[in-house]
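Heads up: the sequence lines are chains R and W, in that order. If you're matching positions, the first sequence starts at 1 in the working numbering and goes up one per residue. If you're matching positions, the second sequence starts at 1 in the working numbering and goes up one per residue.
Among the hints, a few may not be true.
[Unchecked claim] Incomplete in silico selection of chain R near chain W, CB under 8 Å:
| id | residue |
| --- | --- |
| 1 | Gln53 |
| 2 | Tyr152 |
| 3 | Lys159 |
| 4 | Leu173 |
| 5 | Ile174 |
| 6 | Ser177 |
| 7 | Ser181 |
| 8 | Leu185 |
| 9 | Met192 |
| 10 | Ile193 |
[Stated by the list, open to error] Label pairs and their computed distance ranges (CB to CB):
| id | chain 1 | residue 1 | chain 2 | residue 2 | range |
| --- | --- | --- | --- | --- | --- |
| 11 | W | Asp55 | R | Ala25 | 50 to 56 Å |
| 12 | W | Lys107 | R | Ser208 | 52 to 58 Å |
| 13 | W | Val90 | R | Ser208 | 31 to 37 Å |
| 14 | W | His131 | R | Phe449 | 40 to 46 Å |
| 15 | R | Leu219 | W | Leu86 | 27 to 33 Å |
| 16 | R | Ser208 | W | Ile49 | 26 to 32 Å |
| 17 | R | Pro458 | W | Lys27 | 47 to 53 Å |
| 18 | W | Phe130 | R | Pro287 | 37 to 43 Å |
| 19 | W | Ala124 | R | Pro458 | 28 to 34 Å |
If you are wondering where the hints come from, they were derived from the structure by calculation, not from laboratory data. Just so you know, even glycine gets a beta-carbon here, dropped at the ideal spot from N, CA and C.
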Amino acid sequence: MVDVQAHLPVLIVTVPLIGGILTIATGRGWKPWAWATFLTGTVFYFTIRLMMQVLASKTGMVSYELGNWPRQWGIEYRVDALNAFILLIVGGVGFITTIYAKLSVEKEIPADRVNFFYAVWVLAITGLLGITVTGDAFNVYVLLEISSLTVYALIAMGKDMHRGALTASLRYLILGSVGASFILLGIGYLMMITGTLNMQDMHDRLMSVPGILESRTVLVAFAFLLAGLGMKMAMFPLHMWLPRAYTYAPSAVSALLAATATKVGVYMAFRFLFTIFGVGFSFGMMPSGLVLLLCASAGILVTGVTAIRQTNLKRMLAYSSVGQLGYIVLGFALANLHGIAGSVAHIFNHAVMKGGMFMALGAVVYRTGRCDIRSVRGLGKQMPLTLAAFTVGGLGLIGFPLTAGFISKWYLVQGCLERPGGWPLAAVVLIGSLLAVVYTWRVVEAAYFQEPDPGTPPVEEAPLMMLIPMWTLIGASIYFGINATFTGHIALTAARSLLGGAP
Amino acid sequence: MTGVLGIYNYWIYVILMMIGLYGVIAKPNLIKQAIALGLFQTGIFLYYISMAVIDGGTAPVWTTVQDGAQKFQGPYDNPLPHVLILTAIVVSVSVLAVALALIINIKRRYGTIEADEIEAMDIADRLAEFHAGAAADAVDEAAAEGHGLEHAHGGHHHG
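Assemble the whole structure, with the sequences as input and the hints as a guide.
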């Protein structure tokens, strides 16, 4: 019998990688979905076990050397509080979205391609988990491309609903590949000067060799990595691929991507900026803190206003996602304890809130076939639970007390005020919340205070198969808004270890 | 050759990358964009391979000397970047394959592979959606459930 506990870090990647490919062979109908649910459920279980293992360990981290090769030569998987937390988010949201996907996919994907859909779906989750678990810089690139390629395919599968999915996917493919190539180059320059690919060794050598941080090679590596990561996590001026991709992707894919893909991008930024370069270089010697703060603030304000003007609700949520990503970037760019803790907490909170909201929209699409602002008119009476989920998610985006969004915004504002002269940033956070009030209110108004368009046939409440996953995520956003002990503890632990440099 | 010209590999890598980046940004033809993306990535491969080289280095393999015994004959180039780039080449080929698959589908659905024409059609699609929404306020039941809705969604709607 294999000792699962000892091999958890690698099982998180290998089980869905092999199982995902096998999904193609499961045939038609419900079987690919059942297999994908089994795989993602197993992975979710692994991530919970790994989290417990990390919390129980004295060093606060778990290291796993693949094939017993020492980390100088082989690949090391290294899990601390931060990536155990991100793994838990990706694993959990991946599992819940897979359950949700069944009905939505039956409606939006042709029956003869369902097995391929779930194969690519599981592989996308694999890639995201792999990026998070690995402690090897080149391994990050490989798994990044696994997740990116599968995500391009997933987005393009919306082509039977709308042909815009194809151009959205190709645009993302080109921008995403350029971004990933920048990351590859950055890793190359780092390897050139440090002679290693292990993140921890890179950090140690950058810190120990005098004068190395001033070398032009390190500066070039930093610039390429920052640009590439900005593109991958859809940081404000580099976000142009995201709104279309989320709008035209199948509903389940939008929910999965909004909850996990950009979050893993942010995680990569944490690792490269804090763990490898160290906070002293990234936010002390380099002006990147200022650049990121400006981008994040502009992103929060501009995308908030843009979101208000959208008639397509999926597009509205997509712009809102870029804005919420602004909060996350703002938090870690402050480079102080509460800022980073707010950023980490917001990764989780935004994942559950936005995942749940996209699921609610997916249910609207399932029943009405559309998701523009007119299609939700009067739906508050016809689909009360779905629209209530959307509304509670919206309250979370605003940062209303008793929702998870409040916790992370509290940390963020605290972080802003701790920074000397940081009050304009706190103002940006609050104005961004007001913008979220406006765009959420538009939907609430249409759903609860307007009559359905004459001639639209009445619809039923969404099926339970959609409601349960939707309310699991929305329920989590309420639960962790009231009882923030767990998320707060993890976020502060992760923030401390990031500021300390070592994972 | 010494100095800046001596590292001409790096000059070639930068030039290849810039040609690729220019093509990705400036060429409206999607196939040309895909080719340019390939060129961009090829530049990076050259960069990785170049960094492995050391003066007088050879391939890191066993060599058989005359008496039949095997031994190393160093110094050797660093084999690690070569291995990494094998992986990156596979990735690049996969990206190209996905891109071409998408372009074929775009050609089927849009009838063109020129980015500017496709962009115009996408904008027209969005405008049609918007006007359909605005019109929905005014039209009566017949238009909403029959011909009007089908037409407004460009016939691609699978409700």
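### Query
CB of Ser208(R) to CB of Ile49(W), is that within 26 to 32 Å?
holds, 29 Å
### Query
How does the Cβ-Cβ distance of Phe130(W) and Pro287(R) compare with 37 to 43 Å: does it lie in that range?
For Phe130(W) and Pro287(R) the Cβ distance comes to about 42 Å; the hint holds.
### Query
Would the stated hint for Gln53(R) survive a check requiring a Cβ distance to chain W of less than 8 Å?
violated, 30 Å
### Query
With a cut-off of 8 Å, does the beta carbon of Ser181(R) approach a beta carbon of chain W closely enough for the hint to hold?
Holds, because the Cβ-Cβ distance from Ser181(R) to chain W comes to roughly 6 Å (cut-off 8 Å).
### Query
Would you say the C-beta atoms of Lys107(W) and Ser208(R) sit inside 52 to 58 Å of each other?
Since Lys107(W) and Ser208(R) have Cβ atoms about 55 Å apart, the given range 52 to 58 Å holds.
### Message
Given the hint of 50 to 56 Å, is the C-beta distance from Asp55(W) to Ala25(R) inside that range or not?
### Response
Because 52 Å falls inside the window, the suggested range holds.
### Task
Answer holds if the nearest beta-carbon of chain W is closer than 8 Å to that of Ile193(R); otherwise answer violated.
It is violated, given that the least Cβ distance between Ile193(R) and chain W is near 10 Å, above 8 Å.
### Query
Would the hint on Ile174(R) stand, with a C-beta cut-off of 8 Å toward chain W?
Hint holds; Ile174(R) Cβ to chain W Cβ min 6 Å, cut 8 Å.
### Query
Between Leu219(R) and Leu86(W), does the beta-carbon spacing fit 27 to 33 Å?
holds, 29 Å
### Task
Note whether the CB distance of Pro458(R) and Lys27(W) lies within 47 to 53 Å or breaks it.
holds, 50 Å
### Message
For the restraint on Lys159(R), tell me whether the closest CB of chain W is nearer than 8 Å.
### Response
Status holds, d = 6 Å.
### Query
Would the stated hint for Tyr152(R) survive a check requiring a Cβ distance to chain W of less than 8 Å?
Status holds, d = 6 Å.
Violated hints, in rising order: 1, 10 and 14; the structure is consistent with all others.
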